[in-house]
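Per the numbering used here, the very first residue in the sequence shown carries number 15; after that it's consecutive.
With a straight-line cut-off of 30 Å between C-alpha atoms, the simulated DSSO-like cross-links for lysine-lysine are: (1) LYS86 x LYS124; (2) LYS124 x LYS147; (3) LYS178 x LYS198; (4) LYS43 x LYS177; (5) LYS124 x LYS183; (6) LYS93 x LYS178; (7) LYS24 x LYS183; (8) LYS78 x LYS178; (9) LYS37 x LYS68; (10) LYS78 x LYS183; (11) LYS178 x LYS191; (12) LYS154 x LYS123; (13) LYS24 x LYS78; (14) LYS183 x LYS86; (15) LYS93 x LYS78; (16) LYS123 x LYS86; (17) LYS86 x LYS147; (18) LYS37 x LYS177; (19) LYS123 x LYS93; (20) LYS24 x LYS68; (21) LYS147 x LYS93; (22) LYS154 x LYS86; (23) LYS124 x LYS268; (24) LYS78 x LYS264; (25) LYS191 x LYS268; (26) LYS37 x LYS24; (27) LYS124 x LYS264; (28) LYS183 x LYS268; (29) LYS93 x LYS124; (30) LYS124 x LYS154; (31) LYS183 x LYS198; (32) LYS147 x LYS123; (33) LYS191 x LYS93; (34) LYS183 x LYS154; (35) LYS177 x LYS24; (36) LYS78 x LYS268; (37) LYS268 x LYS93.
Hints are computed from structural coordinates only; laboratory data are not their basis.
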Amino acid sequence: MHDVEAFNRKLVLDGGSDSFVTKRMALVKALIDRAGRPEFEHQSLPWNWESRDKIAGKLAVSRKLPTLRQLKRILRASKERERAMVWMGIGLGFGQSDISQTCVGQINKKTYDLRRGKTNVERYGETPPMVWKAIQDYLKDTPRPRGELLFVTRRGHPLVHGKKSDAIKLWWRRLRKDLGYGPKTLDGFYVLRHLGATEYGSRGTNSINDVRRWLGHAASSQVADIYMRPVAAEHEELITWVRNALLTGKADLKLR
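Assemble the whole structure, with the sequences as input and the hints as a guide.
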């Protein structure tokens, strides 16, 4: 019991989230249960698993959506390349690794059909006009061969490779700093996926399975429920603007 409790404690001290800690402890229990099978000579614990001291991980922190002014400033300060990434994050729910792995031709004017790298779950749907326009504007400025990666670094490498090389994250941090924002006032690039999911889930015409497919989550995932809720009053202007831009391919970037 002491070893299991010590492992639980270490996961928490290392900063693991509550979900992460719960999943790791479930793996430990699965190993113990497997060891108790007949072919392993019925090994069993001399103590009750439920009697151990349990330490929860960090509670999940809800991502704070950017303001409409922040989003407009981001788009105004971005070139065609980065602007395409921003709209792919919002309109398709793509994170850094998804954008890095997207090839020319996998997204067309009407539809997209891509497997999410993080969960290996297929996701597909209609391509929002703004996403298609942003990609075309980028390709007009920087032509890329069909079948090749849509985005690469100056040296021709994928934008994200390995655990420490993430060109999108670096660009976002520099842009955020240049605009006078910090981590406390504007979350990381992944918040664009959260923004897009909030817009998509609140349309009122999409089912929970539609939202799961958009997110690239398995059918058992309950995360989609979060985005099916009505939009908070303070975000209505932002979500309305984003929805109009995505569906029309036009965005008013004037700051008011």
